[in-house]
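Asker: Sequence:
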Amino acid sequence: MNITKLITAAAFAFAILATPAFAETCCEKAKAAGKDCAHPCCVKAVKDGKVCEKCNPPKK
Numbered sequence: 935m936n937i938t939k940l941i942t943a944a945a946f947a948f949a950i951l952a953t954p955a956f957a958e959t960c961c962e963k964a965k966a967a968g969k970d971c972a973h974p975c976c977v978k979a980v981k982d983g984k985v986c987e988k989c990n991p992p993k994k
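According to the working numbering, the sequence shown holds residues 935 to 994 in order.
The hints are simulated quantities; they were obtained by calculation from the structure and are not laboratory data. Some hints could be false.
[Claimed, not checked] The list that follows gives simulated cross-link-like pairs (lysine-lysine, DSBU-like), each with its CA atoms no further than 35 Å apart: (1) K969 to K988; (2) K984 to K969; (3) K965 to K978; (4) K993 to K981; (5) K978 to K988; (6) K965 to K981; (7) K965 to K984; (8) K993 to K939; (9) K978 to K993; (10) K969 to K981; (11) K988 to K965.
Given the sequences, and given the hints that come with them, work out the whole structure.
Answerer: The structure is reproduced here in structure tokens:
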């Protein structure tokens, strides 16, 4: 019974930690659709020649 709980807890922890690694940002989704991101923060960042750090945090 204890091994089952341990495996379940490990699988749950892995799922929580791995989710951000596989998530796409709004800008990546728009680019994949062949469009520009329409979020106001992203539009402003593009006008300044930057990338919105709120929607596209630096990857570790």
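Asker: Hint by hint, where does the structure go against what was stated? Just the numbers, ascending.
Answerer: Those not satisfied: there are none.
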